[in-house]
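Protein sequence lines correspond, in order, to chains A and B.
Take the first sequence: its position 7, counted from the start at 1, is 7 in the numbering used here, and no numbers get skipped.
Take the second sequence: its position 245, counted from the start at 1, is 245 in the numbering used here, and no numbers get skipped.
Treat the hints as calculated values from the structure; they're not laboratory data.
Incorrect hints may appear among the rest.
Claimed, not checked - Derived BS3-like pairs: lysine-lysine, alpha-carbon spacing no greater than 30 Å straight-line:
id : chain 1 : residue 1 : chain 2 : residue 2
1  : B       : Lys153    : A       : Lys79
2  : B       : Lys299    : B       : Lys175
3  : B       : Lys153    : B       : Lys175
4  : B       : Lys175    : B       : Lys123
5  : B       : Lys299    : B       : Lys254
6  : A       : Lys54     : B       : Lys25
Unchecked claim - Reference excerpt, derived from the structure (chain B facing chain A, CB under 7 Å, subset only):
id : residue
7  : Lys124
8  : Arg128
9  : Asp129
10 : Cys417
Yeah, the Cβ is synthetic: ideal placement off N, Cα and C, and Gly gets one too.
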Amino acid sequence: MRNVGIFDGSILIVDRSREYRHNSIVIAAINGELTCKILDLRNQQLVPANNEMKPIPIPDDTDLVLEGTVIHVIQENVKGNL
Amino acid sequence: MFALIDCNSMYASCEQIFRPDLRGKPVAVLSNNDGCIVSLNEEAKAAGIQKFAPYFQVADQCKMAGVNIFSSNYELYGDISNRVMCTIQDYCPETSVYSIDESFASFHGFSHGDMRETGLMIKKAIWRDTRMPVCVGIAPTKTLAKLANHIAKKHPRSAGVCFLRERDQTSAWLKRIDVSNVWGVGRQLTKQLRAININTAYDLSACDHRQLRRMFNVLLEATARELAGVPCLELHEAPPQHRSIMVSRAFSQKITSYTDLRAALSSYSQSACEKLRRLQGVVTDVMVSASSSPFDSKKHHASIHVRLSHPTSNTMTIATAVSNACGSLFRDGVQFARAGVMFPDVVHTKHIQTDLFSHGDKKGAENLMSTLDKLNAHNSRKITIASSGLNRIWQTRRKFKSPDYTTNIDELPMIRC
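Looking at chain A on its own, in the form it has when it is part of the complex (with noise of 0.2 Å):
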């Protein structure tokens, strides 16, 4: 998710009780396991930011995989100071 400047080891605060919407930067359940992608309404589908990996299309209940969206990321400048 390099290209929405979250990087390895990045600190998400996430608001699980915002509303979705389009283009929201959002933590999803998929298959048991936590992912963080970008929320695309209009094709239904999780996108991811690095244009390597594939969308993955989600079904019409987003509750069912959704579980917060991503409201600041704080960045670590030296590692392991927080």
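Please build the complex by placing chain B on the supplied structure of chain A, with the hints as guidance.
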């Protein structure tokens, strides 16, 4: 109108929040020291696992059935509980937290037509904000709200929300519920009630309430009236039942030295006293016990009753008495496997009987205890009394503990991008 919001198998559900791979799968949580099973979700129950079963007896069965086992992680459960309570307060300004997994809320002033809707809304919001499944019971009294919650849990058709509205409908339910499920009716009372042919919640609500007072006490009369739909308890009141506190644990390894046994008992006294102060209770009687494993060749079980000079909740006073009692419990050559501290008769601070000849606790002792409780509530490293020792070989075994996802920055859930 009151609502009771109660989490479904709270501990097991907490373990699933940051593990979406476990949703819909059987999960069981073990007690302190991984002794026995204390929380099970529906899937684990369906796999035939029973609550309070000793873990070593069902370990193989759990493995075969694919039940996911966790040690208890009270840091996590406490934090999630807080979050659930916060969401409830978004919808109902007046709430009263009753335990780690349940809270009453006043629905006073809400329109009748919307009660069920509001219940469903709260349930949905709690799931959205915390991923905790809950059931909601709504009724004109707290005792009925408790029962409504019981119905919501047992009957899938309720969709997790039960509103006991019409009297006829309530009576029909009460006839189907055993009297032992009524709030404030314990095991002993159940036996006595059965003897006079009161078997269901309905029987209790329909009998002569004044006679109940004569035969039992005012508390049971209040319970019966509440079942009949007459509110007797305010939002923050609980049925002031006879309470006891027990802290009894199996050691992670056998204890054979006097010092270790005394340290363990001293530490259990501290936990028991913390619970006692939370209930605003005091005690004069303490039961202390220690025993070997029942499977041991040299079987030993000893318990002793200690009577304090005055009612107290002071850790120092009680731990000293317990330590003194340890001498008569200890026996050389015995492999101690478990010990416990019990307060059989907890009295509310309001009802203290003072003694003409005793002086009570030292001045300032109460302040010291409340300072201690406040410090320990917010720090993971606890302040303890020195007699509980530093080298705790007997201390809690938590082999299957999940990370402190929400309270430790080093244990945040990891996400793949």
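So, going through the hints one by one against the coordinates:
For the hint linking Lys153 (chain B) to Lys79 (chain A), the alpha-carbon distance of about 47 Å lies beyond 30 Å, and the restraint is violated. For the hint linking Lys299 (chain B) to Lys175 (chain B), the alpha-carbon distance of about 47 Å lies beyond 30 Å, and the restraint is violated. Annotation: proposed proximity of Lys153 (chain B) to Lys175 (chain B) holds, straight-line Cα distance about 17 Å (limit 30 Å). Annotation: proposed proximity of Lys175 (chain B) to Lys123 (chain B) holds, straight-line Cα distance about 27 Å (limit 30 Å).
Simply put, Lys299 (chain B) and Lys254 (chain B) have alpha-carbon atoms about 13 Å apart, close enough for the 30 Å limit, and the pair holds. The straight-line distance between the Cα atoms of Lys54 (chain A) and Lys25 (chain B) is roughly 29 Å, inside the 30 Å bound, and the hint therefore holds. Here the hint on Lys124 (chain B) is broken, as its CB sits about 9 Å from the closest CB of chain A, past 7 Å. About 6 Å separates the beta-carbon of Arg128 (chain B) from the nearest beta-carbon of chain A, less than 7 Å, and the hint is met.
About 5 Å separates the beta-carbon of Asp129 (chain B) from the nearest beta-carbon of chain A, less than 7 Å, and the hint is met. Because the closest C-beta pair between Cys417 (chain B) and chain A is about 4 Å apart, less than 7 Å, the hint holds.
Of the hints listed earlier, those the structure fails to meet are numbers 1, 2, 7, in rising order.
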